[in-house]
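> The lines below spell out each chain.
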Amino acid sequence: MKVDRRSFLSFILGGAAGTALSPLPWKLTDDFSIWSQNWPWTPVPQKGEISYVNSACTLCPGGCGISVKKVDERVIKIEGLKGHPVNDGGLCILGLAGAQLLYGATRIQTPIKKVNGRWQKLSWKEAITELAARLKELRAKGSAHTVACVAGSDRGTVPELFSRFLAVYGSPNFFRTPSIWDSYELALYLTQGTRSMAGFDIENADFILSFGSGLIEGWGSPGYMFRAKGLLRKNGGRMDQIESRLSKTAAKSDHWIAINPGTEGALALGLAYVIIKEGLYNQNFIDQYTTGFSDRKKRVIDGFPPEIVSKMTGISTGTIVALAKDFARARKPLAICGQGQGHLPGNLQEFLAVHTLNALVGNINQPGGVWAVPEPDYIDWPELEMDGVASEGLQQTRIDGAGSYRYPNARYLLHRLPQVVNASDESPVQVLFVVDANPVYSLQDTASVKKAFEKIPFVVSFSSYMNETTALADLVLPNHVFLERYEDVPVAYGFPKPIIGLARPAIEPLYNTRYVGDVVIQLAKELGHAIGAAFPWADYATCLEETLSDNWDTLVEEGYVVDAEFNGTDLADAFETDSAKFEFNNNEIRTLAGYNPVKAEGDEASYPLLLVPYDTMRLASGYVGSPPFLVKALEDTILTGSQVLVEVNPATAKQLGLSEGKTANLTTPKGAARVKVHLSNGIMPGVVAIPRGLGHTAYDKFLAGKGVNYNQLSSPVEDPASGHDAAWGIRAKLSRA
Amino acid sequence: MENAKKFGMVIDLDKCTGCGACMVACMAENNIPFRADNTDKMLSISWMHVYKLNNRKLFPDYEECYLPRPCQHCEGHGGHSPCVSVCPATATDYDMDTGIVSQIYPRCFGCRYCMAACPYHVRQFNWWDPLWPDGMEKMLNPSVSVRMRGVVEKCSFCIQRYQQAKDRAYMEGRREIAEDEYQTACTQACPAGAIVFGDLNNPEHAVHQLAQPDPARHGHSKNPRAFRLLERLGTNTKIYYLSSREWVRKAGDNYLEGEFKSKAHS
Amino acid sequence: MDSALIPKGVKRCPAWQFIMWIGANGAVLTWGVFALLLVYFKGLNQTNMNNAYGFALWIWADLAVIALGGGAFFTGFLRYIVGKDELKNIINYAVLIGFICYSSALMILGFDIGQPLRGWFIFWHANVHSMLTEVAFCLTAYFGVLAIEYAPLVFENRMIKKVPFFHNLSHNMHEIMAVFAATGAFLSFFHQGSLGGVPGVLFGRPFGFREGVLVWPWTFFLFTWSAAAAGPCFTILITKITEAVTRKKLVKDNVIDLLAKISGWMLFFYIIAKIGDTLYWANVTAPSKGSTFMDFYTSSSGSAYGLWILFAEIGVCGVLPALILIIPKLRKTQATLWLAVILAVIGLCLNRWVMVLQVLAIPVLTFESWFTYFPSWQEIATTILPVAYGVIMISTSYRYLPIFPQERELNPIDEPAAPPEVAESEPEPTDAGPEPELSPAES
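Protein chains in written order, with this note's numbering: chain A, 1 to 737; chain B, 1 to 266; chain C, 1 to 443.
Treat the hints as calculated values from the structure; they're not laboratory data. There may be inaccurate statements among the hints.
[To be verified] Stretch by stretch, here's where chain B covers chain A in the computed footprint (C-beta under 8 Å, at least three residues): (1) 46-59; (2) 69-81; (3) 88-95; (4) 636-644.
[To be verified] Simulated restraints, written as ranges between beta carbons of each label pair: (5) C:Phe371 / A:Glu126: 55 to 63 Å; (6) A:Leu21 / B:Lys52: 39 to 47 Å; (7) B:Asp95 / A:Glu546: 52 to 60 Å; (8) B:Asp95 / C:Tyr280: 31 to 39 Å; (9) C:Ser3 / B:Tyr105: 54 to 62 Å; (10) B:Asp61 / A:Glu454: 31 to 39 Å.
Virtual Cβ for every residue (Gly too), placed ideally from N, Cα, C.
Working from the sequences, and respecting the hints, build out all of it.
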């Protein structure tokens, strides 16, 4: 057949028309569009059986109950545990993002050691043998006391295993990371004679007077405080916040009273003056349950009339008087203190002053008051058998001087460790264990802390993550993360009732990690003799179950054991002082240096501004780094790109020639950083505020290199009364970049 | 429809602490992607966003308030929400049975007209491929599909939870689900208990009691503490906010001078 | 070299010059295509759009280019329906410009979507309530009409015409062109209006929202009207530019004058309507939503959305060109005619900008602030791409097709063999850079 042009064209046109009318092109386009939605890099989550594991969160000492949602053997979400006495279903932002910490990219997957500056994997057996050999050698040299341990807590089986290990090995150098609870414990001990924890019955109070405590920003147990603050409001209670910056807590209070930072204690004393002078105190309580009131009265009346306090604090006398009256006249007034989330112990006299306010209104161990919550007593291990080396080692003074003549009241002074190490020719610490802590990031004056850690010959980190401290370690023995392990949660900070929680593994460990408790037990066994004998358990699981024996079944079933009936100890038995009363004054208190506002480091001429750190729930600033969800949820007035914004009052900014979003140089006596400026009327003129929790050098791209770590700009200031770190800020200058 | 539900929310701004737990609970529940830099909020996806409002006064009279903003699930007048009617590909829908504005991701072709239509910035675009760092894809919730680059997404009132609750009820031979059986992730997570969720049509539900919607006035609340965002535009939203502060209630909408009348006597 | 393709009786520049000219524009085109590929493969993150600016430069370009292409439908409407016969001398060019504008618009729409491979869902899963659906359908249909209107012109090419099929087809199409023109006008009235409806129906955006008749907001009518008014100005402008570039008179003054006069009166009444709309909106619509007129304009100096933009759009680029075009003396003066058509085109573009970008820039929630946006280079390159494409289309069509029926009459060639020196010593000012002259008109 001859194909002429006409028939060819007809064929083409007809064919095109026919194809267009057939389902073929539509089918192909549809297939194409479906295919285009299935890029291999867009994950498709696998379906599976959904289950929940009830556990406890150990990301902070809040003691919240969690419900871990799983699909087959994957953790997909963490939710608050409904009905839990602490958080009752609610959960903080960090807890909610917890699964990202399980699957995070910076997890350490196996033991590693540093050889010539590079990480090398090794087996658990090798790691423990190597560490044991080093410890044996030190002990043989009579240097047992040069082994130290830094832990996030001193309660619960894991910290107790460590302090037990140190004791039987022969070292007194167990450290707990600093916090306001150092001061609270001390204030309770000095006035009430009890070794106990402060609990706050916020929900039953009707007037919370907070001296800068971030009640809804991570102070105490966030899960409880959030809930309690809501209940306070529901019950018609009032809350006043005294702080130089309008924190979220201040914003959610009935009144925000701006105060010159660092003078909170003066205000507390000024309020006491008014209450005493006007006779507004609880006469009955003072008469029946206290001693030393007249001493206290004299000290307050002589030193802190409202005019003087007004000058110190920048608060008008009218406000001081009115506040004191409102507080004293409230039915259940409760004063609390400790800045922000409470990362720094603060000024002991301030804590005593605030605690005294509660005593003046008689709100101690009362509903809606402050309660001395007994320490957990379930750890009842066999008495230690000390050998000679151990006894000798324990005779040595602690490296930080805590408990010595100079610091008779302090138990741990970790902030002094870098100073002491740096000041010695040879490091007084030869081996340092770090567990549940990240001191290189969280201690003030980062440069000096780093120097000290580099000087310590052998640092062993038990961290699950490659954080700043671990990066400087010599040996890393990674722990399971909180969703992979059993652990007792002996306390919920600030929660008014004794409670024990149990963290339970939601899934099998993902990597070649190991219980810290197991490592300690194995290490002890490797060292043998009296040390090995002090750890009679086969492994940590056995130790835990035996330790919690009475409560174990309840814990496994419910996830917690709470003394729900606890309502504060009866006042007649509450005080363990010599007088068996609340002591406004006694021999120990008398020897303390009197109240003076702690001065920020730096001279005013070179550093005209005050730099204060602030806490936000959207940044984890403890030993856990913020997971990606937290950084994502961070406000753009805190972080933009990788630059942090500092808050400045517009009036101050105007003087400095700075405007919103401008880059500036922030300089303190300890360091300098480039920041951006965020103007806010929620901050006092002359004060610059910077968030805690940024400026990480470790972790992944979601966190590392963003913003500035406040600690690298600041340094500790020793509290003359306790020796604790009482710094609340540092002098600074801000200039256009 | 006789038994039509109208799911809605009451957010008590007096209780809200601005902590952000709702945002993260939502991210974890709904497989929200994250990137190394999420600081440009207009490029970052967050179905729930917490705004920071202030009273525009100087120190020390300055006040702040935090306002969580999920999708407002506008009903408009008769289901005519601003975004649903404009979608050219019927990729979003106003469900008359639940009052939920849904989004069909594989249908959306990313024209972004709905984003232009929404005054709340609730609708957000997948500017990038959603990628999870190695291992973190294990966290993904199989009940919620992962979106692809180039489509718009938004808060769904955790509709998967409604589905699951209904399935469970069906299995147990019940026709109705109880109030607490269907709660959104943000409601459940809020540690301050500021969010209440339920059926606005059901007088027994807490949301109804708090919101007190007036059917004669397109759901306008009879509660003097309550307000809705941009109510005057006729969006007829299903998120009611409570505040005892007048300036906060006033910030919820645009008013000409002298036009705002405080309902509350506080 | 290509002389066999060039229409008889007209003079064109030498082939090398033409090739260089096309090459230069091709380079710009290639740059645009490169940006387009980046956008296509990497996604819309290549733009500076964000969740506040879901619509930005591209949508503006779309709206503007379609409005400017409105010269095609309105000239066609006048020529075929109203019966203004003189316009047959410019209708070809109007159709070509329309064709370029509409094809550009479709192309931009093709990559301005997050999932281009699913773009056809707009037809497949069409939501009849959406203004965009209406736009998509009418736009595509009208693009087809324009192609049909343009096709006979292509068949007029000397070589193509030799094929009897095309010759006859072309002839037959001419016969029924009025039907297509009418269809085109009908479609255009609707999709120009629908584009106006795009911001007009946004009741969540008080700056864009307008009341109206039935389902159509006032912007529906204003957009159609303004496209009909200023579209022909664009046709005139491009014609004038082409005349300037080719240094030839291509269309007689009476034709231009007629179109300019009609355009002027259209613009005049449009601007009255627009002022009325603005007043009603500022005094009734906006206050009913709790906003004052000044809430929509920033007072800070140097802002993109100060009141100046309103004065520029309505006053300088609305009232002024309308007055020039309706006053015969000014209309017939070349300088003022130029000024008027340029201003009218700018005014139209400004209107589309304001109705898309400013709508999104304005904070509606009281606790938000103005949103800012500046396009990325990828957006700019892809927006310039259609300009280069338009120049190439026009240049090629002009060279090979008898677009201007009056060209031969106005530019008689006495000797078939024109002295080559003339061409060489007096090259057409192609290298002199007509591109910048063209670009503002098309963009």
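> Evaluate each hint against the coordinates.
Hint check:
1. 46-59: Contact hint for the segment 46-59 of chain A vs chain B: holds, 3 residues under 8 Å.
2. 69-81: holds (count 8)
3. 88-95: As far as the segment 88-95 of chain A goes, the hint holds, because 5 residues have Cβ atoms under 8 Å from chain B.
4. 636-644: Satisfied; 6 residues make the cut.
5. C:Phe371 / A:Glu126: 55 to 63 Å: 59 Å, holds
6. A:Leu21 / B:Lys52: 39 to 47 Å: At 59 Å between Cβs, range violated.
7. B:Asp95 / A:Glu546: 52 to 60 Å: 56 Å, holds
8. B:Asp95 / C:Tyr280: 31 to 39 Å: 36 Å, holds
9. C:Ser3 / B:Tyr105: 54 to 62 Å: 57 Å, holds
10. B:Asp61 / A:Glu454: 31 to 39 Å: Given range 31 to 39 Å: violated, Cβ gap about 50 Å.
Violated hints, in rising order: 6, 10; the structure is consistent with all others.
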